[in-house]
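Given chain A, put chain B in place with the hints provided.
Protein chains: 2
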Amino acid sequence: MPAPHSRATVLVYGAGGALGRSVVNAFYQAKWHRIIAVDFNDRVPGATDTIKLDLGMNMEECHSRIVKEAGLLGGQPLDSLVCVSGGFAMGGANDDAIFESVKAMYSSSVYPSFISAKLAGDFLKQNGLLLLPGAACVERPTPWGLAYGSAKAAVHHLIGSLASDATLRAKVGTLVVGIAPVTLDTPGNREAMPNEDWSAWTSCDELAERIVAWSEGTVTADNGAIYKLITKGGETDYVIM
Amino acid sequence: MPAPHSRATVLVYGAGGALGRSVVNAFYQAKWHRIIAVDFNDRVPGATDTIKLDLGMNMEECHSRIVKEAGLLGGQPLDSLVCVSGGFAMGGANDDAIFESVKAMYSSSVYPSFISAKLAGDFLKQNGLLLLPGAACVERPTPWGLAYGSAKAAVHHLIGSLASDATLRAKVGTLVVGIAPVTLDTPGNREAMPNEDWSAWTSCDELAERIVAWSEGTVTADNGAIYKLITKGGETDYVIM
Numbered sequence: 001m002p003a004p005h006s007r008a009t010v011l012v013y014g015a016g017g018a019l020g021r022s023v024v025n026a027f028y029q030a031k032w033h034r035i036i037a038v039d040f041n042d043r044v045p046g047a048t049d050t051i052k053l054d055l056g057m058n059m060e061e062c063h064s065r066i067v068k069e070a071g072l073l074g075g076q077p078l079d080s081l082v083c084v085s086g087g088f089a090m091g092g093a094n095d096d097a098i099f100e101s102v103k104a105m106y107s108s109s110v111y112p113s114f115i116s117a118k119l120a121g122d123f124l125k126q127n128g129l130l131l132l133p134g135a136a137c138v139e140r141p142t143p144w145g146l147a148y149g150s151a152k153a154a155v156h157h158l159i160g161s162l163a164s165d166a167t168l169r170a171k172v173g174t175l176v177v178g179i180a181p182v183t184l185d186t187p188g189n190r191e192a193m194p195n196e197d198w199s200a201w202t203s204c205d206e207l208a209e210r211i212v213a214w215s216e217g218t219v220t221a222d223n224g225a226i227y228k229l230i231t232k233g234g235e236t237d238y239v240i241m
Numbered sequence: 001m002p003a004p005h006s007r008a009t010v011l012v013y014g015a016g017g018a019l020g021r022s023v024v025n026a027f028y029q030a031k032w033h034r035i036i037a038v039d040f041n042d043r044v045p046g047a048t049d050t051i052k053l054d055l056g057m058n059m060e061e062c063h064s065r066i067v068k069e070a071g072l073l074g075g076q077p078l079d080s081l082v083c084v085s086g087g088f089a090m091g092g093a094n095d096d097a098i099f100e101s102v103k104a105m106y107s108s109s110v111y112p113s114f115i116s117a118k119l120a121g122d123f124l125k126q127n128g129l130l131l132l133p134g135a136a137c138v139e140r141p142t143p144w145g146l147a148y149g150s151a152k153a154a155v156h157h158l159i160g161s162l163a164s165d166a167t168l169r170a171k172v173g174t175l176v177v178g179i180a181p182v183t184l185d186t187p188g189n190r191e192a193m194p195n196e197d198w199s200a201w202t203s204c205d206e207l208a209e210r211i212v213a214w215s216e217g218t219v220t221a222d223n224g225a226i227y228k229l230i231t232k233g234g235e236t237d238y239v240i241m
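These protein sequence lines are chains A and B, in that order. The opening position of the first sequence corresponds to residue 1 in this note's numbering, with each subsequent residue numbered one higher. The opening position of the second sequence corresponds to residue 1 in this note's numbering, with each subsequent residue numbered one higher.
Calculated from the structure, these hints are not laboratory results. Do not rely on the hints blindly, as some may be mistaken.
One copy or two, it doesn't matter: identical chains are merged, so the pair holds either way.
Unchecked claim - In silico DSBU-like links for lysine-lysine, alpha-carbon gap of 30 Å or less:
#: 1; residue 1: K68; residue 2: K171
#: 2; residue 1: K232; residue 2: K52
#: 3; residue 1: K68; residue 2: K103
#: 4; residue 1: K171; residue 2: K103
#: 5; residue 1: K228; residue 2: K103
#: 6; residue 1: K103; residue 2: K52
#: 7; residue 1: K52; residue 2: K31
#: 8; residue 1: K125; residue 2: K103
#: 9; residue 1: K52; residue 2: K171
#: 10; residue 1: K31; residue 2: K125
#: 11; residue 1: K232; residue 2: K103
From a predicted model like this one, the values you see are computed outputs, not experimental measurements.
Bound-form chain A, shown alone (with noise of 0.2 Å):
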């Protein structure tokens, strides 16, 4: 008898990004049936749907497209949802782009967040897993980037909330959990850092095995749990924060 929730449907958003594409690759790899991916992009390799969003969108309507393209109503339900979306921005209180980083921040995290969130309360399985994306530097004051660091509080806030939702706590053997990395091991994070230690980044694809290993329960999470990835010497502790 196969896990009850191994090799079925999973819907990817923010697919299209360094760690998205690991991710999707990593279910293409784990042999799952169905892998949705979301994104800004036509297609994303190793997905068998991919729904393409556009810029301007807004909540709404991105969540009517995810809805109808992926066709969740009356379909199949999901058994994992991985949302990696995210971006980055610097800036200050007196910085001339501080409202361009909001909108920037909140577009890229929060938003496909409460999409995934809504989602996840619709049309996630029982003993599904819903990952959202943190971001380990919440855990201290962000000076240097007030957008990035208040939209990251607002998705731990939100992993927190979401894990004793009653509509997912519902859904019996479901989990909440997200991701709070230090730095991810990104081709766009090697241009920006060239002389950093790189070997204490976290690499997409093992992070994207872990996720993999979440959603067909062979690795343990904790509801509600926000695991801050700590990388030495290439190995990644998964410390919850």
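Positioned in the frame of chain A, the structure of chain B alone reads:
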């Protein structure tokens, strides 16, 4: 010699709400020279200037109108900037109005806080006060109000970050504080909760007097502190969260 920042210029963002009106009135009673009220109202009693925002304006537009109509560029700097803008919404993961709530909560609490942060960065005096609108419920998960809780968590993180923001720290003696009410004693709350113990609610007028005292430096506030308002039998304690 007058205290360094008494009886000069204050900007009250969200001046048209129950707390905002109390705050404007308290500064009026304290004989501050200039009281700039910002809200969707035509006129707030006691204010020397009222800046009316339009619903649907984005952050940049709100900010520009305030800077222009208050004559901040090249004009007198602000001694105190009090943002008490806010809203309230219930709703969990399967709430059909969740996206509307997210938009409403971020528009009413988060965006005004960022606009206030930018105004403070550019126009707040040395030894000034910036106050932002938090909420006591953020201490715990808020599954009953996902949008409300996450928006207030974002504001709390912003307060902590602004307290160590380089621009604001360069203004010697300047304080960034938050207020975290449990329940404010407003007509709206009395109407919504007629059977609650109103003596456990915080008086807007008393809180407004405390905000004037913090602004004038006659009562000490701690930089970065978020003050939880614990009211019992009509008496309010200000407890740092």
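Here is what the structure says about each hint:
In this assembly of identical chains, the alpha carbons of K68 and K171 lie at most 30 Å apart only when taken from the same copy (23 Å versus 53 Å across copies). In this assembly of identical chains, the alpha carbons of K232 and K52 never lie at most 30 Å apart, being 36 Å within a copy and 54 Å across copies at closest. In this assembly of identical chains, K68 and K103 lie within 30 Å of each other by CA distance both inside one copy and across copies; the values are 26 Å within and 22 Å between. For the homomeric pair K171 and K103, the shortest alpha-carbon distance between copies (27 Å) is at most 30 Å, but the shortest distance inside one copy (33 Å) is not.
For the homomeric pair K228 and K103, the shortest alpha-carbon distances inside one copy (25 Å) and between copies (29 Å) are both at most 30 Å. Taking the closest pair of Cα atoms, K103 and K52 come within 30 Å of each other both inside a single copy (20 Å) and across two copies (23 Å). Taking the shortest alpha-carbon separations for K52 and K31, only the intra-copy value of 23 Å comes in at or below 30 Å, while the best inter-copy value is 58 Å. In this homomeric assembly, K125 and K103 come within 30 Å of each other (Cα to Cα) only across copies, at 28 Å, whereas the closest approach inside a single copy is 32 Å.
Within a single copy, K52 and K171 get their C-alpha atoms as close as 29 Å, which meets the 30 Å cut-off; across copies the closest is 47 Å, which misses it. Taking identical chains as interchangeable, the C-alpha atoms of K31 and K125 lie at most 30 Å apart only when both belong to the same chain, with a minimum of 19 Å there against 61 Å between chains. In the homo-oligomer, the alpha carbons of K232 and K103 never lie at most 30 Å apart, since the shortest distance is 34 Å inside one protomer and 40 Å across protomers.
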